[in-house]
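Whenever a hint applies, use it, and build me the whole structure from the sequences.
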Amino acid sequence: MAFLELTNLRKQFGSSWAVDTFNLNIDQGEFISFLGPSGCGKTTTLRMVAGFEKPTSGQIVIYGTDVTNAPANKRKIGMVFQSYALFPNMTVAENIQFGLKVAGQSREVMQQRVTEMLELIHLPETAKRYPHQLSGGQQQRVALARALAFEPQVLLLDEPLSALDAKIRVTLRQEIRSIQRKLGITAIYVTHDQEEALSISDRVVVMNKGKAEQIGTPTQIYNTPQTQFVASFVGTLNVLQAKMVDLANKVLAVDDQHVRVEQITIPVNGKPVSMALRPEAITLHRQSANGKTIPPDSNALQGTVEDVNFLGSVVRIRIRLRDQVVNADSFNNPHAELPAYGEAVTLSFPSEACRVIG
Amino acid sequence: MEKKRTSLVAWGALLIGMLYMGIPLVATLIFSVSSKLHSVTAPTPISFSAYATIFNDPKFGAGLWFSLGAGLLTILISTVLLVPLIYWVQLRMPYLRSVIEFMTLLPIVIPAIVLVFGLLGQYRGTFLTNSDSGLYVLLTGSYVIIAFPYTYRPINTAFQAINVKVLTEAAQSLGSGWFTIIVRVILPNVWTGVLNAAFITLAIALGEFTISNALAQNTFSMYLFYMETKIYEPVAFTVVAFILTWFFIVVLQQVTKRPAQRATRERSAQLIGGAIGLPSASESE
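Chains as they are written, first to last, in the numbering used here: chain A, 1 to 358; chain B, 359 to 643.
Worth flagging that the hints you see were computed from the coordinates, not collected in a lab. Any given hint could be a false lead.
For the chain A half of the interface with chain B, some residues (derived, Cβ under 8 Å), not all of them [said to hold, decoys possible]:
hint, residue
1, Ala50
2, Phe52
3, Gly64
4, Thr68
5, Ala70
6, Ala72
7, Ile77
8, Phe81
9, Phe98
10, Val102
11, Ala103
12, Ser106
Keep in mind the model is a prediction, meaning the values are calculated, not measured. Cβ coordinates follow ideal geometry from the N, Cα and C atoms, glycine included.
See the structure below:
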């Protein structure tokens, strides 16, 4: 039996379905991320688990107990909000112990727990401060401590890092994951940031228009996307229009150039198809004498450099074929010259790197 | 040159306003310490006998305590009614806000005399009009109604300044019921608005005359009525009423200024710290 079971969850607002037949089983101690664009239903699903939205239909079961109609304050679920939601009239210590106070715990228990939580979030000196005296990152850590202090069954995090700057986000998400692992608590994390979801989750649920498009580990989601939406939403993806030339040998024509694919997962009935190809799977070959040799079994496409974007550790080069463009990523090499605008190049990639997705 | 002219105009308007407000006040004060009528512009000798008369009059103290009691009761009833109402509208029924705001206009538009005679007519022959305690209840109820526009606004403004929904959900996720949420989370964060409303209500209770007169209640403002045959005592009473009102306003300012003062002190400390090279809170993360 899974620790948290979401069965056929549906939520209707007016005439539209914000969440449509959502099914998910989560094991104890698992860290699950809901990933998707704005309006895909991830926060609505989270809020149904928290008890802030009543499902139109479906069931929510936590450790064998049906909590679908239970009020939020009876579910013992900790929640961390995007806006921190610390109580402005209380100190850090008072915020953290609030759940324990409501539960009627003794002063000694509360004091000990507050000390433990402050050590866990590495803010032992802030006990007597008020929320407005803390930075955003500190406030979010206190919010996390408050949500964990009363030992909830499940921890829910609704885009907790989106109000913070990029550098703090990276450190804090690692801290959140580390704390979750240490405590072994089941967690659901809502985010629209794919890097966040992929880097800290045991499994990722990619959502779109109220439905779960794919559920899998970060590696599965990224390397083997099951739908065009997942392929295009997660990571950068080239989606090229192609025509089947030789079904038996799995050869496609992309702008009159031939490409061999390894996998065709959808029926091909003579209509144009979409071929997905990750930018990092492409190797760029320049016409210079020092250019890399194209492996014999690789696909090769001829094109012209249209743009070069320096992204720090990665250089993204846009190449025009005939009618379509392809993005190729390579690691930044300070000793290598970047290709010039208009330069003729060859793109090579293995056949298993491309898939027909629609 | 343009800026200097604007400044002169502004100062001139301020001066005229101050004279317009100040001259009658000063004249009232001078008259209240006059011993002879013809000495109003330069009272000789100065006499505080009018003040002594009113402070020694038992009706003055009785009226003051009566009005303070009615005022405090009005504050309690208004707070108990309005805080949950505004909270619930903010949380679940924001579409009702415009209806309530319309209702706050009614006590301003409808004269107090219409209100009180309407109440008397409605409850004629009942306990509310046939007994002293019933009339006291009518008086307090009337105060709650006429103070409604002035109690609703500051409390509503205080609610607008906090994220009611998120704070409520945070408290619910930690196991709180509605009572705990309102008492421990919401009320402390709208307390400034409640205090604002309280002091305004008190000022209304002390100064209100029409309803008190119609219900024949011995309120603070009715003392003026009892002294209609005197000369200096009503003026002295006016000065005392002014001083009391200003006292409440000063107390209100001090109480409600504290969070801003605290923020100003902290900001000053941050600026000083930054100037001498100490790290800020975000840098120390």
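Outcome of the hint check:
Against a cut-off of 8 Å between C-beta atoms, the interface hint on Ala50/A holds, since the closest Cβ of chain B lies about 6 Å away. Interface hint at Phe52/A: satisfied, since its Cβ lies 6 Å from the closest Cβ of chain B, which is below the 8 Å cut-off. At a threshold of 8 Å, the smallest CB-CB gap from Gly64/A to chain B is about 21 Å, leaving the interface hint violated. A cut of 8 Å between beta carbons decides the hint on Thr68/A: the least distance to chain B is about 16 Å, and the hint is violated.
Of the supplied interface hints, the one on Ala70/A is violated, with its beta-carbon coming no nearer than about 12 Å to a beta-carbon of chain B, more than 8 Å. For the restraint placing Ala72/A at the interface with chain B, the shortest Cβ-Cβ distance is roughly 4 Å, inside the 8 Å limit, so the hint holds. Hint status for Ile77/A relative to chain B: holds, with the closest Cβ pair at about 6 Å, below 8 Å. Interface hint status for Phe81/A: upheld, as the beta-carbon distance to the closest one in chain B is roughly 6 Å, under 8 Å.
With 8 Å as the threshold, the beta carbon of Phe98/A comes within range of chain B, its nearest partner Cβ sitting at about 5 Å, so the hint holds. For Val102/A, the shortest C-beta to C-beta distance to chain B is roughly 4 Å, which falls under 8 Å, so the interface hint holds. For the restraint placing Ala103/A at the interface with chain B, the shortest Cβ-Cβ distance is roughly 6 Å, inside the 8 Å limit, so the hint holds. Among the interface hints, the one on Ser106/A is violated; its C-beta lies about 16 Å from the nearest C-beta in chain B, farther than the 8 Å criterion.
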